[in-house]
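Participant: Below, each chain spelled out in residue letters.
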Amino acid sequence: MTCNRIQERFADLLTDELDEAARREVQDHIAACAACRTELEELTATWARLDLLPAEQPSGRVRAGFYEMLERYKDGLERQTTARRFADRVAAWWERAWLRKPAFAAAAAAVLLVAGIGAGYGIRGGSGGREVAALRDEVRDMRQTVALSLLSQPSAVERLQGVSYTQQVDRPDNRTLSALVETLNSDPNVNVRLAAVDALYLFRDAPGVKESLTASLALQQAPLVQVALIDLLVEVRESRAAEALKALIAGGKLDPAVKERAEQGLKELI
Amino acid sequence: MAPTDNELMEAVKDGRVEKLAVLFERHHVALFNFFLRLTGDRAASEDLVQDVFMRILKYRAGFQSEGRFAVWMFQIARNAHVDHLRKRKPVVALDDQFEEPPSPEPLPEARLEAQSEADLVRRALDHLAPRKREILMLFRFEGLKLREIADVLGVQVGTVKVQVHRALKDLGRIYGELQGGKVS
Numbered sequence: 000m001t002c003n004r005i006q007e008r009f010a011d012l013l014t015d016e017l018d019e020a021a022r023r024e025v026q027d028h029i030a031a032c033a034a035c036r037t038e039l040e041e042l043t044a045t046w047a048r049l050d051l052l053p054a055e056q057p058s059g060r061v062r063a064g065f066y067e068m069l070e071r072y073k074d075g076l077e078r079q080t081t082a083r084r085f086a087d088r089v090a091a092w093w094e095r096a097w098l099r100k101p102a103f104a105a106a107a108a109a110v111l112l113v114a115g116i117g118a119g120y121g122i123r124g125g126s127g128g129r130e131v132a133a134l135r136d137e138v139r140d141m142r143q144t145v146a147l148s149l150l151s152q153p154s155a156v157e158r159l160q161g162v163s164y165t166q167q168v169d170r171p172d173n174r175t176l177s178a179l180v181e182t183l184n185s186d187p188n189v190n191v192r193l194a195a196v197d198a199l200y201l202f203r204d205a206p207g208v209k210e211s212l213t214a215s216l217a218l219q220q221a222p223l224v225q226v227a228l229i230d231l232l233v234e235v236r237e238s239r240a241a242e243a244l245k246a247l248i249a250g251g252k253l254d255p256a257v258k259e260r261a262e263q264g265l266k267e268l269i
Numbered sequence: 000m001a002p003t004d005n006e007l008m009e010a011v012k013d014g015r016v017e018k019l020a021v022l023f024e025r026h027h028v029a030l031f032n033f034f035l036r037l038t039g040d041r042a043a044s045e046d047l048v049q050d051v052f053m054r055i056l057k058y059r060a061g062f063q064s065e066g067r068f069a070v071w072m073f074q075i076a077r078n079a080h081v082d083h084l085r086k087r088k089p090v091v092a093l094d095d096q097f098e099e100p101p102s103p104e105p106l107p108e109a110r111l112e113a114q115s116e117a118d119l120v121r122r123a124l125d126h127l128a129p130r131k132r133e134i135l136m137l138f139r140f141e142g143l144k145l146r147e148i149a150d151v152l153g154v155q156v157g158t159v160k161v162q163v164h165r166a167l168k169d170l171g172r173i174y175g176e177l178q179g180g181k182v183s
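Note that the protein sequences, when read in sequence, are chains A and B. Sequence positions in the first sequence follow numbering that gives the first Met the number 0 and run 0 to 269. Sequence positions in the second sequence follow numbering that gives the first Met the number 0 and run 0 to 183.
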């Protein structure tokens, strides 16, 4: 086989798309042909070097923009469908009325005018209610997906965005709540942990949240987060936090301001 | 088992447009890198990624599940890039952008300071003709097969093979020149 024919197969070889027989043919040829062997070695080296090229990460702007676009699109789509369905119903009714009794048309026009004014309200409520609820669930799931994804990003700014995204979720599920608690307990950035305290405050009535907040008290080292947690637990009147506060005070090595706040909080709780 | 790209896109086509979020999470980094290597401009690349997903929604009825979703997506990506070039440089004919440079431009010595190997690869790519760069990026970041790349580009698979070969040869040569400059 000529060198040209062999070299035509190099691309297949590199992308691993050559069958066994063809691969053997290439190997036999390059064992005997120094020029082709050098060519293949060089191509292979360059091919391997492409792997060195790091996959760069876009900024959080892309993800935020995408989800915003998707929600807008979805809203528009839903409005369009509902409006079309309503318009179809009106048209069908109009046709029937007109055929039955032309004189009825004037009265019908007046009714339509009123119906038109009411349409804006009608679309949102009434029979469309269930669809809108389903849509809301989907939007909630979508927001949670974004929030979870952002919370696992290496950049603190994106994790902060993630925490703030969770606050837009109406009744988040366990996965989101656990991710928030995990952030509160182990995020290396104090601002992200503080944001997590605020977010969890919003979801304090969800099962297990107050317990997680109480348990987190023993894990926090930063005075800012400690104070934020104490304030939160006192504000929601979590009486079970009293033990955790006592343990915190007894543990020593506490910033004086935190200790003072903890003692004051304990008095308010008991 | 996780749904395939094509299953998700079928769902999007049927009106469950929120499924596009999963496709976004799977592919936006590859798309971003594809555009970044083509344009060298982070902000423009981010805009282009957005643009691609907007077009996917807009043209979702046109998706045919016989082909792979990624192939369709990169066809859209190429169109988005072409439109981007058109907007940016209205006076330069589009074909010229994809033409080979008549002769490789000399590599300025001043830029040949010590660089990591990855930097060298990136810089070598920047000197490669756009068309060749594009093909290599489709391999590197999305792992498309030769046949699929041919579909993305709308050419014969034989053409892609020849272009991959030439692209690698050129890239190797440019890399060697950059490296040589570094040593001297």
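Mixed in with the good hints there might be a few duds.
[Claimed, not checked] Covered stretches of chain B, going by a simulated chain A footprint (3 or more residues, C-beta under 8 Å): (1) 0-14; (2) 51-64; (3) 75-85.
[Unchecked claim] Straight-line distance between alpha carbons at most 20 Å, and here's what the computed SDA-like set of lysine to any residue pairs gives: (4) LYS168/B / THR37/A; (5) LYS18/B / GLU234/A; (6) LYS168/B / LEU51/A; (7) LYS73/A / PRO57/A; (8) LYS144/B / ARG48/A; (9) LYS252/A / GLU234/A; (10) LYS131/B / LEU177/B; (11) LYS144/B / ASP11/A; (12) LYS73/A / LYS131/B; (13) LYS73/A / TYR58/B; (14) LYS57/B / THR38/B.
[Said to hold, decoys possible] Only some residues are given here: those of chain A computed to face chain B with a beta carbon under 7 Å: (15) ILE5; (16) PHE9; (17) ALA10; (18) LEU12; (19) LEU42; (20) GLY64; (21) LYS73; (22) MET141; (23) PRO187; (24) VAL189; (25) LEU201; (26) PHE202.
No lab work stands behind these hints, which were simulated from the structure alone. Just so you know, even glycine gets a beta-carbon here, dropped at the ideal spot from N, CA and C.
Participant: Against this structure, judge whether each hint is valid.
Facilitator: Consistency of the hints with the structure:
1. 0-14: violated (count 1)
2. 51-64: Answer holds; 3 residues pass the 8 Å Cβ test.
3. 75-85: violated (count 0)
4. LYS168/B / THR37/A: Status holds; Cα separation ~12 Å.
5. LYS18/B / GLU234/A: 40 Å, violated
6. LYS168/B / LEU51/A: Distance ~17 Å between LYS168/B and LEU51/A Cα, so the pair holds.
7. LYS73/A / PRO57/A: Measuring from Cα to Cα gives roughly 24 Å; hence the hint is violated.
8. LYS144/B / ARG48/A: 19 Å, holds
9. LYS252/A / GLU234/A: Violated, at roughly 25 Å.
10. LYS131/B / LEU177/B: Distance of about 18 Å is within 20 Å: holds.
11. LYS144/B / ASP11/A: The given pair, whose Cα atoms are some 9 Å apart, holds under the 20 Å limit.
12. LYS73/A / LYS131/B: Distance of about 38 Å is beyond 20 Å: violated.
13. LYS73/A / TYR58/B: Holds - the C-alpha atoms of TYR58/B and LYS73/A are around 15 Å apart, at most 20 Å.
14. LYS57/B / THR38/B: 24 Å, violated
15. ILE5: This hint is violated: ILE5/A lies away from chain B, its Cβ roughly 11 Å from the closest one there, beyond 7 Å.
16. PHE9: 6 Å, holds
17. ALA10: OK, holds: ALA10/A within 7 Å of chain B, min 4 Å.
18. LEU12: With a minimum Cβ separation of about 10 Å from chain B (threshold 7 Å), the hint on LEU12/A is violated.
19. LEU42: 5 Å, holds
20. GLY64: 5 Å, holds
21. LYS73: 6 Å, holds
22. MET141: Hint holds; MET141/A Cβ to chain B Cβ min 5 Å, cut 7 Å.
23. PRO187: 23 Å, violated
24. VAL189: Check failed: Cβ of VAL189/A comes no nearer than 28 Å to chain B, outside 7 Å.
25. LEU201: 23 Å, violated
26. PHE202: This interface hint is violated because 22 Å lies over the 7 Å limit.
Hints 1, 3, 5, 7, 9, 12, 14, 15, 18, 23, 24, 25, 26 from the list above are not met by this structure, while the remaining hints are.
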